[in-house]
Structures are given as C-alpha cells and as structure tokens.
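Novice: Could you put the whole structure together from the sequences, leaning on the hints where they help?
Protein chains in written order, with the working numbering: chain U, 263 to 468; chain H, 263 to 468; chain C, 263 to 468.
Everything labelled a hint here was simulated from the structure, so no lab data went into it.
Where hints are given, some of them may not hold.
Copies of the same chain look alike in the list, so a pair counts if it works inside one copy or between any two.
Okay, derived cross-link-like pairs now, DMTMM-like style, lysine to aspartate or glutamate, Cα gap no bigger than 25 Å in a straight line [stated by the list, open to error]:
hint: 1; residue 1: K440; residue 2: D416
hint: 2; residue 1: K326; residue 2: E412
hint: 3; residue 1: K466; residue 2: E407
hint: 4; residue 1: K440; residue 2: E302
Since this is a predicted model, take the numbers as computed values, not measurements.
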Amino acid sequence: MRLRLTPRDTTYFDLFTELAGHIVTGTGLLAELLGADRVERKAIADRFVEAEHAADDAAHAITKRLNQTFVTPFDRDDIYALANALDDVVDAMEEACDLIVLYKLAELPARVSAVVQVLQRCAELTAEAMPRLRTMEELSSYWVEIHRLENQADKLHRQLVAELFDNATDAIALIKLKEVVDVLEEACDGFERVATLVETIALKES
Amino acid sequence: MRLRLTPRDTTYFDLFTELAGHIVTGTGLLAELLGADRVERKAIADRFVEAEHAADDAAHAITKRLNQTFVTPFDRDDIYALANALDDVVDAMEEACDLIVLYKLAELPARVSAVVQVLQRCAELTAEAMPRLRTMEELSSYWVEIHRLENQADKLHRQLVAELFDNATDAIALIKLKEVVDVLEEACDGFERVATLVETIALKES
Amino acid sequence: MRLRLTPRDTTYFDLFTELAGHIVTGTGLLAELLGADRVERKAIADRFVEAEHAADDAAHAITKRLNQTFVTPFDRDDIYALANALDDVVDAMEEACDLIVLYKLAELPARVSAVVQVLQRCAELTAEAMPRLRTMEELSSYWVEIHRLENQADKLHRQLVAELFDNATDAIALIKLKEVVDVLEEACDGFERVATLVETIALKES
Numbered sequence: 263m264r265l266r267l268t269p270r271d272t273t274y275f276d277l278f279t280e281l282a283g284h285i286v287t288g289t290g291l292l293a294e295l296l297g298a299d300r301v302e303r304k305a306i307a308d309r310f311v312e313a314e315h316a317a318d319d320a321a322h323a324i325t326k327r328l329n330q331t332f333v334t335p336f337d338r339d340d341i342y343a344l345a346n347a348l349d350d351v352v353d354a355m356e357e358a359c360d361l362i363v364l365y366k367l368a369e370l371p372a373r374v375s376a377v378v379q380v381l382q383r384c385a386e387l388t389a390e391a392m393p394r395l396r397t398m399e400e401l402s403s404y405w406v407e408i409h410r411l412e413n414q415a416d417k418l419h420r421q422l423v424a425e426l427f428d429n430a431t432d433a434i435a436l437i438k439l440k441e442v443v444d445v446l447e448e449a450c451d452g453f454e455r456v457a458t459l460v461e462t463i464a465l466k467e468s
Numbered sequence: 263m264r265l266r267l268t269p270r271d272t273t274y275f276d277l278f279t280e281l282a283g284h285i286v287t288g289t290g291l292l293a294e295l296l297g298a299d300r301v302e303r304k305a306i307a308d309r310f311v312e313a314e315h316a317a318d319d320a321a322h323a324i325t326k327r328l329n330q331t332f333v334t335p336f337d338r339d340d341i342y343a344l345a346n347a348l349d350d351v352v353d354a355m356e357e358a359c360d361l362i363v364l365y366k367l368a369e370l371p372a373r374v375s376a377v378v379q380v381l382q383r384c385a386e387l388t389a390e391a392m393p394r395l396r397t398m399e400e401l402s403s404y405w406v407e408i409h410r411l412e413n414q415a416d417k418l419h420r421q422l423v424a425e426l427f428d429n430a431t432d433a434i435a436l437i438k439l440k441e442v443v444d445v446l447e448e449a450c451d452g453f454e455r456v457a458t459l460v461e462t463i464a465l466k467e468s
Numbered sequence: 263m264r265l266r267l268t269p270r271d272t273t274y275f276d277l278f279t280e281l282a283g284h285i286v287t288g289t290g291l292l293a294e295l296l297g298a299d300r301v302e303r304k305a306i307a308d309r310f311v312e313a314e315h316a317a318d319d320a321a322h323a324i325t326k327r328l329n330q331t332f333v334t335p336f337d338r339d340d341i342y343a344l345a346n347a348l349d350d351v352v353d354a355m356e357e358a359c360d361l362i363v364l365y366k367l368a369e370l371p372a373r374v375s376a377v378v379q380v381l382q383r384c385a386e387l388t389a390e391a392m393p394r395l396r397t398m399e400e401l402s403s404y405w406v407e408i409h410r411l412e413n414q415a416d417k418l419h420r421q422l423v424a425e426l427f428d429n430a431t432d433a434i435a436l437i438k439l440k441e442v443v444d445v446l447e448e449a450c451d452g453f454e455r456v457a458t459l460v461e462t463i464a465l466k467e468s
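Specialist: Rendered as structure tokens:
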C-alpha cells in the first residue's frame, strides 16, 4: 500500500466506467448485427464505429490525464494497461462487425450467437466492476465470473471450429467464417485480460 | 546494480524452475502426440492440459508473491514479464496439441517432428538455465544456443510452409496443417523471448 | 518533467535515426520487390535481410546502452518500447518480402503497391521525426500525418481483402495473398504504434 499525499483522483474511475459503457453498447450492436439481414448490417456496423470512436475518446482522455498529472489513484502503468486492454476489446469486436459486412456472410451458425451472448455478459460485468475500482471492494466475484465465462466461450469456440471444419465444403467460405469466429474469441480473451489486470491492481492495493 | 537490503528471496528461482519443468513435460507430451494414432491422442492431450494447469499454478504463485512482497531478487517488471513469457510458451504448445486433436489430423509431415525436437531442446535448456538466475552465472551459453535453435526452427518452418503449399491439393487440409505449424513456430519464438528477457535481466544485474 | 543531473545522452537519438533509416531502405526494397519478376526477387529479398540485420544491430545497441547507463534522455521503458516498436515494423516487412518469395506469387493486385507506397511515406516521416526527439519540437505534425496514413492504409486493406474474396476461385492462392496483405497491414499498424509512443514521450516531457 502506498502513501497518498492528495485525495484520489476520481476522474479515472468515471472514464473507465464510461469506456466500459461503450463496450456494453458495442456488444449489443454485435448481437443485433447477427440477427440482421445484409441490407441492415451496414447501418448497424456504422453505429458500432460511433461507439468505437466514443470508446477511443475515453481511452485517450485517460492517457492524456495520465501524462499530465503526478498523482494517480493506482499505479500509472496499470491505468495505462487497463485503458489499452479495454480498447483492445473494442477493436476486436469492431473487426468482427467489419468482417461480417465485408465478407457478405450469409448466415452465421447458431453457436456464434451463443459466443456473442457470453461477450454481452462479460461487457455488463466489466461495466459494473469499473466503479468498484474506487473502493477495490467486491471485485473478486467479477474476475471469478469472467474467468468462468471465458472458459465457456473457449469451449464454444472449439466446438464452433470443429463444426466449421466438419461441415466445410467451400474452403473460401470456411476462411471467412473462421476469421470472424477467431476474432470473437480474441474479444473474449480481451475481457479476461481486463479482469486479470483488475485482479493485479486489487492485490497491490490490498 | 542495486543495493540489497535483505537476502534475496529464493522462492522465485524455485518457482521459475518448476514452471520450466512443466514446459519440459509439455514438449515431451507434444512429441508423444505426433507419434500417436487418433485414439491415443485424446489421452495425451488431456495429460498436456494437466501440465498446463501445473504451469499456470506456478506462474500464478509468482505473480501473487510479487504483489505481496517488497523485496524481489531482480526487477519486479522483469519477474512478471518472465513468468508471462514462460506461460505464453505453454499456451502455444497447448494450442498445438488441441488443434491436432480437434482437426483430426491424419499424419503430420516429418519436418513437424523436427520442429518439435527443437522445442524439446529449447525446453531443456530453459529449465537448466532457470536455477542459474540465482547467481546470474553461465547464462550466456544458454541464450546464444536458444537464438541458434530459434533460427534453425525458423528455417524448418519456412521449408515446411513451402512444402505444404507445393503439395497442397485440398485447401481445407492445408488450412488445418498451416495453423498447427504456425502455432509451433510461435512456441519457438516464445522460447526466444524468454531467453531475451533472461539476457536483459543478466545485463542489468552485471 | 524530471531533473537532469547530466547532459542528455545524444547517442540514443543517433541510434533511433539510424534504425529508422534502415526502415526507409527496407520499404524501398519492398517496393522494388513488387515490380520484380520471380528471378530477381530472391536477390532483393536477400538485400532486405541485410537491412534487417543492420536494423537489429541498431536496436540491440540501444538496448545494450540502456542496460549499462543510468542517465537516459527520456524514460527507460519508453526508449526500450520505441526500439522494439521500430524493430517490429522491420520484422513485419521482412515477413512480407519472405512470403512473396516463398509463395512464388505470380502478380500482386495494384492496391498492394498503393499500400507499399503508404508504408514508404510512413518510413520517411518516421526517419525525419527521430532526430526531432532531441528537442521534442515539431513532432505533432508527424504523428497526425501517420494516423492519417494508417487510416488510408486501413481503407486500402479492407478494399483489397474484399477484392481478393470477390475474385477468389482458388482458395490456396487466396490464402497466400491474404497472408501477404495482412502482414503489410501489420507493418502499417506498427508505424502507428511508433507514432503513438512518440506522442506519449513528447507529452511526458512537455
């Protein structure tokens, strides 16, 4: 535990909460995209890009603040790493949206929706956890649940990939679908990295 | 060189040695997997998962210790980075095992076994080097040899990929094999990152 | 702003400038490679490997210096990260050269040349910016322009990928081309990471 010379700067918590809120919006749009037809998809992907820009702005505000202030509520490097880790989740999801549109994918296997539901739950839990960084209390239930969800998503991903290859007749269609599925798995790994960072920060502060 | 206020904490060396030991077990299982038929593979992959869990536990013990102690035998960030780098090697190898089972691969080209032999040698050298972190002596022969082995694996990998494409008739089979081969190359790069970290640590301490 | 006990060490700036110079050479060779026939390509790729070794030597000189000196012109971790980020750009470009030769690619789509032209411009801007790290002046025009170029390359990349899939009849040919195109995009992302690091360093020092 470090000595604190000034009151904790609360703005970081607000910015992290805001950033995580844009991720919740993003996972909602991703779920919407899966149910949409090809015509509607473009508009949904555009809304995702807006959410991504808002998330970028929040991440950038964190970094800027970090470079201009001496006193931070917890380790500078951890703040920087947490902002980046949240940003990586947004980027992976944005890539998934973009690929679904770009590849003009016809219909996605049902298990893809199951993976996106796990992502939605991860996003909600993450957004609920961010304000709790202020007191560092009740965070362990969050990271335990994220690890459980990541495990579940990992199993779904392996089943999905096996399914894709078992049913594959068109290699080009397979390449497209596999890339989307792998990027969704990256997003899920990203949520786990965020949770691991939160765990590390909480341990240091305890 | 930094002043040391208390005796060096030896447990880190023990934990790194233990972690590297699980990697030796893992590369052995990977070699076994290549020689096994599809029925035996599942059981070998399950034993790999056990080795991976043991490695995770050792890495987690290092991180936990790091977050709870003030005095570390060398730079905190380097300890953290080294634990992570060793963990990444395990993860890459686990992914290779998993893909071989998941993709129900028939037979793997002979050069794949050559790559795995290089991985086995890297694992042994790494496990032998870990206890030497205590005195920081006789480490240069280790990292020089790892760089040489990584170069050798890189050449094998390029030959393998060229061979896969030259002989490819079935694109779906190619995708499967290429993914396995690329993940094995990642594992090899991982050993090199571990060696580079050890080199950095040794230079700082000298 | 930190107190400075001794004059700034200028050698880091020289080494960064040298390293970026090798990247300029590399992007030039990459452009040459695209215009060459299969016979000439091998010789050009070999010259790229020479440029890569020279870049590695400069990066290694930076790391070595860092591990042996107390006083650095800016944050140690940032120097290390910047050297690594520049090295990653070289590695991505080397991989692109290598794949073009290894895959015996016939002809590359015109948009690939457009991407490489963006990389050449990024390399020139980066090389011009490195000496300006000394005074930290006139750097913002550099990172603003790199972000703009990365955006442009990203759009080109998405068009290229869509084009590859729309025209694809041979899945194996598609896999080869897509890998080259993705690695070029990685190189471009690498330039952006360099610019973001420079921005972070400049903000800290201001």
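Novice: Take the hints in turn and mark each one as holding or not.
Specialist: Here is what the structure says about each hint:
1. For a Cα distance limit of 25 Å, the shortest separation of K440 from D416 qualifies both inside one copy, at 14 Å, and across copies, at 21 Å.
2. Only between protomers do K326 and E412 lie at most 25 Å apart by alpha-carbon distance; the minimum there is 21 Å, versus 31 Å within a single protomer.
3. Only within a single protomer do K466 and E407 lie at most 25 Å apart by alpha-carbon distance; the minimum there is 21 Å, versus 37 Å between protomers.
4. When the C-alpha separation of K440 and E302 is checked against a cutoff of 25 Å, the pair qualifies only within one copy, where the shortest distance is 23 Å, while the shortest distance between copies is 27 Å.
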